[in-house]
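A.B. asks: Kindly generate the complete structure, drawing on both the sequences and the hints.
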Amino acid sequence: MNKGRSVKTTLLNAPYVVWSVIFIIIPLLMVAYYTFTANVEYYDISFSTADGTSYSYEIDGATVNNIEEAKEKALEQAGLSGETAANVTFSEAASQSRTEFTLEYFREIFSKDIGRAFGRSFLYSIIATALSLVLAYPFAYVLSRSSVKSQKMQMMLIMLPMWMSMLVRTYSWMNILEKNGLINNFLELIGLEPVEMLGTPAAVILGMVYNYLPYMILPIYTVMSKIEPSLHEAAEDLGCNWLQKFRRLILPLSVPGIISGVIMVFVPSISTFYISQKMSNGKIVLIGDLIEARIKNNYADGGVNVGAAMSLVLMVIIFICTIIMNKFSDDDGGNIAI
Amino acid sequence: MKIVKRLITFLVYAFLYAPLIIMVLFSFNSGRSTMVFEGFSLKWYETLFSNNVLMECLQNSLILAVTSSVIATILGTLAAVGVYRLKNKYISGTIMTVNNIPMMNPDIVTGVSLMLLFVFVGTFLGLAEKTNFWTLLIAHITFNIPYVLLNVLPKLKQTDKNLVEAAMDLGCTPNQAFFKVVLPQINPGIMSGLLMAFTLSFDDFVISYYTSGTDFRTLPLYVYDIVKKPVKPNIYALYSIIFILILLVLIINNFVLNGTSKKESSGRAKKVVSAILAVVILVVGVFAFKGCETTHSIDGLQAEYSREFEGTTLNVYNWGEYISDGSDESLDVIAAFEQLTGINVNYITYESNEVMYSKLKSNSDSYDIIIPSDYMIQRLKNEGMLQKLDFSQISNYKNIDEQYKNLYFDENNEYSVPYSVGMVGLIYNTTMVEEVPTSWTALWDERYSGDILTFNNSRDAFAIAQKVLGQSFNTENKADWDAAAELLKKQTPVLQGRVMDQVFEKMEGGNAALAPYYVGDFLIMQEENEDLDFVFPEEGVNVFVDSICVPSCAKNYDAAMMFINFMLEPEVALANAEYIGYASPNTEVVNHPDYSYKDNEYLYPAEEDMPNVEYFYDLTPEIRNYYEKLWVEITSK
Numbered sequence: 001m002n003k004g005r006s007v008k009t010t011l012l013n014a015p016y017v018v019w020s021v022i023f024i025i026i027p028l029l030m031v032a033y034y035t036f037t038a039n040v041e042y043y044d045i046s047f048s049t050a051d052g053t054s055y056s057y058e059i060d061g062a063t064v065n066n067i068e069e070a071k072e073k074a075l076e077q078a079g080l081s082g083e084t085a086a087n088v089t090f091s092e093a094a095s096q097s098r099t100e101f102t103l104e105y106f107r108e109i110f111s112k113d114i115g116r117a118f119g120r121s122f123l124y125s126i127i128a129t130a131l132s133l134v135l136a137y138p139f140a141y142v143l144s145r146s147s148v149k150s151q152k153m154q155m156m157l158i159m160l161p162m163w164m165s166m167l168v169r170t171y172s173w174m175n176i177l178e179k180n181g182l183i184n185n186f187l188e189l190i191g192l193e194p195v196e197m198l199g200t201p202a203a204v205i206l207g208m209v210y211n212y213l214p215y216m217i218l219p220i221y222t223v224m225s226k227i228e229p230s231l232h233e234a235a236e237d238l239g240c241n242w243l244q245k246f247r248r249l250i251l252p253l254s255v256p257g258i259i260s261g262v263i264m265v266f267v268p269s270i271s272t273f274y275i276s277q278k279m280s281n282g283k284i285v286l287i288g289d290l291i292e293a294r295i296k297n298n299y300a301d302g303g304v305n306v307g308a309a310m311s312l313v314l315m316v317i318i319f320i321c322t323i324i325m326n327k328f329s330d331d332d333g334g335n336i337a338i
Numbered sequence: 339m340k341i342v343k344r345l346i347t348f349l350v351y352a353f354l355y356a357p358l359i360i361m362v363l364f365s366f367n368s369g370r371s372t373m374v375f376e377g378f379s380l381k382w383y384e385t386l387f388s389n390n391v392l393m394e395c396l397q398n399s400l401i402l403a404v405t406s407s408v409i410a411t412i413l414g415t416l417a418a419v420g421v422y423r424l425k426n427k428y429i430s431g432t433i434m435t436v437n438n439i440p441m442m443n444p445d446i447v448t449g450v451s452l453m454l455l456f457v458f459v460g461t462f463l464g465l466a467e468k469t470n471f472w473t474l475l476i477a478h479i480t481f482n483i484p485y486v487l488l489n490v491l492p493k494l495k496q497t498d499k500n501l502v503e504a505a506m507d508l509g510c511t512p513n514q515a516f517f518k519v520v521l522p523q524i525n526p527g528i529m530s531g532l533l534m535a536f537t538l539s540f541d542d543f544v545i546s547y548y549t550s551g552t553d554f555r556t557l558p559l560y561v562y563d564i565v566k567k568p569v570k571p572n573i574y575a576l577y578s579i580i581f582i583l584i585l586l587v588l589i590i591n592n593f594v595l596n597g598t599s600k601k602e603s604s605g606r607a608k609k610v611v612s613a614i615l616a617v618v619i620l621v622v623g624v625f626a627f628k629g630c631e632t633t634h635s636i637d638g639l640q641a642e643y644s645r646e647f648e649g650t651t652l653n654v655y656n657w658g659e660y661i662s663d664g665s666d667e668s669l670d671v672i673a674a675f676e677q678l679t680g681i682n683v684n685y686i687t688y689e690s691n692e693v694m695y696s697k698l699k700s701n702s703d704s705y706d707i708i709i710p711s712d713y714m715i716q717r718l719k720n721e722g723m724l725q726k727l728d729f730s731q732i733s734n735y736k737n738i739d740e741q742y743k744n745l746y747f748d749e750n751n752e753y754s755v756p757y758s759v760g761m762v763g764l765i766y767n768t769t770m771v772e773e774v775p776t777s778w779t780a781l782w783d784e785r786y787s788g789d790i791l792t793f794n795n796s797r798d799a800f801a802i803a804q805k806v807l808g809q810s811f812n813t814e815n816k817a818d819w820d821a822a823a824e825l826l827k828k829q830t831p832v833l834q835g836r837v838m839d840q841v842f843e844k845m846e847g848g849n850a851a852l853a854p855y856y857v858g859d860f861l862i863m864q865e866e867n868e869d870l871d872f873v874f875p876e877e878g879v880n881v882f883v884d885s886i887c888v889p890s891c892a893k894n895y896d897a898a899m900m901f902i903n904f905m906l907e908p909e910v911a912l913a914n915a916e917y918i919g920y921a922s923p924n925t926e927v928v929n930h931p932d933y934s935y936k937d938n939e940y941l942y943p944a945e946e947d948m949p950n951v952e953y954f955y956d957l958t959p960e961i962r963n964y965y966e967k968l969w970v971e972i973t974s975k
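Just so you know, the protein sequences line up as chains A and B, in that order. If you read the first sequence in my numbering, its first letter stands for residue 1, the second for the next number, and so on. If you read the second sequence in my numbering, its first letter stands for residue 339, the second for the next number, and so on.
Simulated from the structure, these hints should not be mistaken for lab results. Please read these numbers as outputs of a predicted model, since none were measured by experiment.
No farther apart than 27 angstroms at their CA atoms in a straight line, the calculated lysine-lysine pairs in the DSSO-like style are these:
| id | chain 1 | residue 1 | chain 2 | residue 2 |
| --- | --- | --- | --- | --- |
| 1 | B | LYS719 | A | LYS296 |
| 2 | B | LYS719 | A | LYS73 |
| 3 | A | LYS327 | B | LYS425 |
| 4 | B | LYS427 | B | LYS495 |
| 5 | A | LYS296 | B | LYS697 |
| 6 | A | LYS8 | B | LYS518 |
| 7 | B | LYS726 | A | LYS71 |
| 8 | A | LYS149 | B | LYS340 |
| 9 | B | LYS340 | A | LYS152 |
| 10 | A | LYS8 | B | LYS493 |
| 11 | A | LYS226 | A | LYS327 |
| 12 | A | LYS112 | B | LYS827 |
| 13 | B | LYS816 | A | LYS112 |
| 14 | A | LYS327 | A | LYS245 |
| 15 | A | LYS71 | B | LYS719 |
| 16 | B | LYS816 | B | LYS828 |
Residues of chain A clear of chain B, computed beta-carbon distances all greater than 10 angstroms:
| id | residue |
| --- | --- |
| 17 | SER46 |
| 18 | SER56 |
| 19 | LYS71 |
| 20 | ALA78 |
| 21 | ASN87 |
| 22 | ARG98 |
| 23 | GLU100 |
| 24 | THR102 |
| 25 | ILE127 |
| 26 | ALA130 |
| 27 | LEU187 |
| 28 | LEU189 |
| 29 | ALA202 |
| 30 | ASN241 |
| 31 | ARG248 |
Heads up, the beta-carbon is just placed ideally off N, CA and C, and yes, glycines get one too.
C.D. replies: If you want it as structure tokens, here you go:
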């Protein structure tokens with residue numbers, strides 16, 4: 001009986017375990033692989049001159065555009081650049097490639113500029129997370145204390161904006177914040193000076209808060225709605241004022257929700273690329289923007305490797321942050337926990 | 339206290355819904371602007387349903403969201419039950435840790451890592467084409483499962499074990515006990531997991547961006563893709579429909595259905611039912627509208643085009659918004675070709691030469707037609723990625739202007755047929771500048787500080803600095819690039835931003851005074867804002883020729899020749915030239931009496947007004963890498 005059961009348990013777990021290994025673990029190993037390897041393209045050029053001397057050169061593919069240029073370069077290296085084709089016979093000229101271990105890409109991302117982008121992403125996402133918490137926490141509390149019917153309705157209202165494309169929502173914000181946008185038009189109408197909004201760090205942070213606020217509200221609301229109404233009454237009966245009630249009852253019980261929420265806002269914020277690009281007029285470059293740009297612009301010649309290296313470091317940073325966050329929580333329930 | 343509570347609730351909802359209300363409002367705008375409301379109109383809703391590509395993407399998004407969320411829910415629920423039953427804490431702990439990885443990982447890392455896997459496996463196994471739906475499906479399932487698992491597992495932990503035992507005591511087999519006792523109890527968790535998975539999948543952009551191939555595009559990818567042209571309110575119209583539909587379902591659910599049901603579980607079930615209903619309505623709606631396609635035909639060509647390739651599928655890979663698509667009463671070129679020849683065209687778009695190149699390099703997909711720019715053709719040719727064209731099958735090649743033949747990237751006219759010609763220049767708002775700019779240095783002018791835009795694209799941005807410094811675009815001297823980079827760094831303080839597609843909104847709305855961009859796009863902007871004018875700066879400008887090529891991976895060579903010939907037909911080329919707004923290399927277009935840009939002073943400058951032009955050449959990988967690194971330095975200051 002017991003054995004049969006465990007076999008069945010294995011069967012239940014098997015599909016997901018296999019899936020996780022193939023599509024979660026292996027891809028991460030691939031990221032590491034691309035970080036530390038380079039695909040080196042080179043040309044093998046061998047030729048001999050009329051007097052019978054033969055030469056053989058390996059020309060780095062990165063320094064030439066095509067095989068003709070590689071041949072020229074080989075001749076140059078042999079000190080024969082002036083030779084006419086009649087005097088030189090190419091016996092071998094082929095494009096080759098090999099994979100090499102390298103630390104070049106990894107080193108590249110520790111440059112000052114990329115470091116700055118990391119720092120900026122970190123700072124902005126922390127501010128965005130804090131602001132989301134400030135907005136979401138009282139809201140979730142009010143929500144959890146309203147009627148059951150209203151709660152259900154409001155849950156859906158919170159989810160609804162997430163159905164709209166993030167891109168469209170961001171575009172809509174751009175209309176509002178643009179130099180001649182809706183807010184500035186309104187300010188002008190009532191005789192005030194226009195304010196520069198789009199293109200500032202504040203706009204980027206606003207974009208982050210806007211897009212990820214529901215991820216903060218939902219987990220906090222979930223834990224708060226589990227606090228029995230009788231506990232509230234008990235606290236009040238025992239003479240707690242609202243501050244004491246908050247400090248001794250609500251806050252401690254809502255910590256797991258806060259932690260989930262913080263992680264769920266922090267992670268997408270630190271890695272975003274579309275929001276920062278659009279809300280900053282392309283002026284504020286975050287780490288996500290760099291990953292995207294390098295992979296897009298020079299995929300085949302190192303871009304994908306640098307992108308992988310930045311992803312790897314980003315991932316490590318987030319894992320460390322998450323582990324630290326989870327130290328604050330001893331909950332093993334339905335929340336995100338490593 | 340009550341007021342404070344109301345205020346908080348109001349603030350959060352106002353914040354969450356403000357952009358959505360703006361979106362709905364501007365979907366009814368009669369103008370193209372998404373900032374100035376010009377009047378009420380339903381035209382964007384009308385164009386919406388005539389835009390087949392958009393509708394197809396919506397359909398794809400729904401298909402993907404439904405399949406991936408259902409599969410993820412099944413797998414995730416199985417896994418949750420499995421983990422719940424596991425006795426060994428270490429194993430279940432490990433599974434849960436791995437489960438958390440996709441949630442903990444930034445989307446961009448998940449996307450990149452899966453992309454690397456797919457590319458690796460793709461090149462390793464030489465997988466057949468058409469894997470795009472599957473890669474997306476796998477990616478979506480992968481990031482959905484953890485959310486299902488985390489919704490179901492807590493519900494499982496809440497179930498009363500005694501109930502299961504009671505059921506078995508009453509004669510149930512373990513399976514029966516599971517289906518009759520456990521499943522109903524964890525059902526709410528499964529349903530909310532399903533709903534969450536659907537939501538995430540429907541809206542996902544980042545992961546899809548990296549894992550999608552090109553023949554299966556979802557709605558968010560489409561929205562992102564239309565970057566070379568202005569974003570039109572028809573996207574707003576589409577999302578307004580989705581928004582209002584869901585809102586309606588919600589309201590009906592809460593105010594009509596709720597009156598009759600008091601039990602929580604049945605209410606929840608109803609909610610899920612109505613959510614599913616909404617999806618079904620959407621899907622049916624999309625298919626219904628897909629059905630009413632208009633017919634497009636060109637008379638008099640039937641004799642010249644055989645139907646010998648009827649039924650084959652031709653993969654055409656082009657820039658976004660770079661072909662006449664039937665909007666605004668234009669000719670739907672693809673539909674006309676399909677009708678004429680019976681060939682199915684799978685039309686796919688890219689946003690830059692580099693993206694196209696990396697897709698060609700990394701994907702095992704086969705493309706039959708690509709339309710790269712000059713320098714990219716040079717690179718592709720050098721790398722043996724192009725096929726020679728059979729000009730005997732392209733009789734309309736005679737329509738191409740001699741000056742666009744034998745260009746540097748295809749000296750002997752073997753590989754390419756020019757499609758569109760463009761030049762970069764300086765757009766300015768006459769009301770915002772003090773004098774007419776004549777030089778690129780206007781983009782460094784402190785008087786216009788905060789009103790200056792530039793390209794958010796390394797090579798184009800460098801090109802401007804290079805001309806100011808009197809360099810060639812194609813210098814392979816690193817010191818030249820360093821000098822250009824220094825100059826670009828000096829520009830940063832006066833810049834309002836680095837933009838690509840946003841330039842339309844910026845310039846049309848009078849949000850910026852100066853911006854470099856492509857001349858054809860200037861003409862589109864000028865239609866919206868008459869204060870705009872254009873100049874070719876004296877230092878010289880970049881000229882580019884986008885040409886039709888056939889990559890070596892093409893599988894339908896003869897059908898591709900037929901397509902190229904069709905694209906050169908006077909009527910087709912005219913429709914494309916009108917739609918794109920760039921100069922046409924086709925003499926039949928340039929001399930056509932109906933051509934609205936005929937003799938346009940910007941597209942076809944007279945000999946004496948012709949600016950100094952230079953082409954981009956392909957640079958060595960070393961230089962490409964070098965200026966990309968400099969670009970990071972410039973932009974991340």
